[in-house]
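Just so we're aligned, residue 1 is where the sequence shown starts under full-length UniProt numbering, counting upward by one.
Please keep in mind that the hints were generated in silico from the structure rather than gathered at the bench.
Idealized CB from N, CA, C, for every residue including glycine.
Be aware that one or more of the hints could be misleading.
[Stated by the list, open to error] Here are the simulated distance ranges between beta carbons: (1) 272 / 159: 48 to 56 Å; (2) 316 / 202: 38 to 46 Å; (3) 37 / 179: 42 to 50 Å; (4) 296 / 227: 35 to 43 Å; (5) 260 / 210: 22 to 30 Å; (6) 224 / 305: 53 to 61 Å; (7) 223 / 287: 53 to 61 Å; (8) 268 / 51: 49 to 57 Å; (9) 248 / 225: 38 to 46 Å; (10) 77 / 235: 54 to 62 Å; (11) 47 / 225: 40 to 48 Å; (12) 235 / 177: 49 to 57 Å; (13) 41 / 231: 30 to 38 Å.
[What the hints assert, rightly or not] Here are the simulated SDA-like pairs of lysine to any residue, each with C-alpha atoms no more than 25 Å apart in a straight line: (14) 166 / 187; (15) 51 / 5; (16) 316 / 214.
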Amino acid sequence: MSRTRTERLVNLVICLLSTRRFLTAAQIALTVPGYEHDPSDPRDHEAFQRKFERDKAELRELGVPLETGTASIFDQEPGYRIAQREYALPDILLEPDEAAAVGIAARLWQHAGLAAAASSGLAKLRAAGVEVDPQATLGVEPVVTVDPSFGPLTAAARDRRAVTFKYRVPEVDEPSTRRLEPWGVVCWRARWYVVGHDRDRDAPRCFRLSRIVGDVRAAGRPGAFEPPAGADLISHVRRFSGPIARNGRATVTVRPGRAAGLRRLAAEVLPGPDGDRLTINYGDVEWLASRIAGYGPDARADGPPELREAVVQHLKELITRHEVVAVTA
1 MSRTRTERLV NLVICLLSTR RFLTAAQIAL TVPGYEHDPS DPRDHEAFQR
51 KFERDKAELR ELGVPLETGT ASIFDQEPGY RIAQREYALP DILLEPDEAA
101 AVGIAARLWQ HAGLAAAASS GLAKLRAAGV EVDPQATLGV EPVVTVDPSF
151 GPLTAAARDR RAVTFKYRVP EVDEPSTRRL EPWGVVCWRA RWYVVGHDRD
201 RDAPRCFRLS RIVGDVRAAG RPGAFEPPAG ADLISHVRRF SGPIARNGRA
251 TVTVRPGRAA GLRRLAAEVL PGPDGDRLTI NYGDVEWLAS RIAGYGPDAR
301 ADGPPELREA VVQHLKELIT RHEVVAVTA
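Construct the complete structure from the given sequences, taking the supplied hints into account.
In structure tokens form, the structure reads like this:
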């Protein structure tokens, strides 16, 4: 199955899970990315119908409980929805390594652009007057997208293509240029790293994606190198990154019953007039800021000032990214 079709099917599922009423094919076409067409053009409309029929059959083969019906007795055109009671999964107990893999997959899913497309689709449903249930979707907690360099670096590692980029380290003001043969991108202690062969130092190195400045540029042809067989990327990162000193102490206010991920990090939780006040020990202000920003209005960084500034910066970047998506949509 192509990535384009996979994205379309995922967004179709999200759309049909997010409303209790039946949606007609015409409403789905206006909502789900990938179904755009001109209804007045017979050939274009016929192509949409064939695509939609294939997708419905695919979902049913995958076991998705797709229902057909009408919202009222006055509707002449049938609609579609997913029976939430039959689609819900029982509680799943995961081992720590399995839970980590699921977490990484969720971040990759969002980075692939599906979350932005899904949000756009739900906004269109609301604009059309369709009641949307925000709790009925996939249940992945909101997170901030991975670093912009993630896509170019994973593509370069896949194509065995060298890259160049600017890299800043905390103790040096100006970023330096690095030339790398990337072996892969991994997540270690909630941070993303690229591991590979540093051409200038002629040795294996790892680089934290959040410290890459500007664009990652391809250098040379695909297939220019071969990673060492059986390379353990996590071991490389573990050796170079060292232990995390959690010397920072943050105060965060969260709405009652919200921001479960932040609550799990808290050393202390105190109820307050405008929400629960969390005390969180941290070692990386950028990492904690991204977590707080990911909960939107449900979480507020009260201090220290460096954390508040980092959260504001993350939110500004999110606004910029969504503005770009809106312009190109």
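These are the hints, each one checked on the structure:
no., hint, verdict
1, 272 / 159: 48 to 56 Å, "52 Å, holds"
2, 316 / 202: 38 to 46 Å, "39 Å, holds"
3, 37 / 179: 42 to 50 Å, "46 Å, holds"
4, 296 / 227: 35 to 43 Å, "39 Å, holds"
5, 260 / 210: 22 to 30 Å, "24 Å, holds"
6, 224 / 305: 53 to 61 Å, "46 Å, violated"
7, 223 / 287: 53 to 61 Å, "35 Å, violated"
8, 268 / 51: 49 to 57 Å, "54 Å, holds"
9, 248 / 225: 38 to 46 Å, "39 Å, holds"
10, 77 / 235: 54 to 62 Å, "58 Å, holds"
11, 47 / 225: 40 to 48 Å, "43 Å, holds"
12, 235 / 177: 49 to 57 Å, "27 Å, violated"
13, 41 / 231: 30 to 38 Å, "52 Å, violated"
14, 166 / 187, "20 Å, holds"
15, 51 / 5, "10 Å, holds"
16, 316 / 214, "17 Å, holds"
Taken one by one, the earlier hints fail for this structure at numbers 6, 7, 12 and 13, listed in ascending order.
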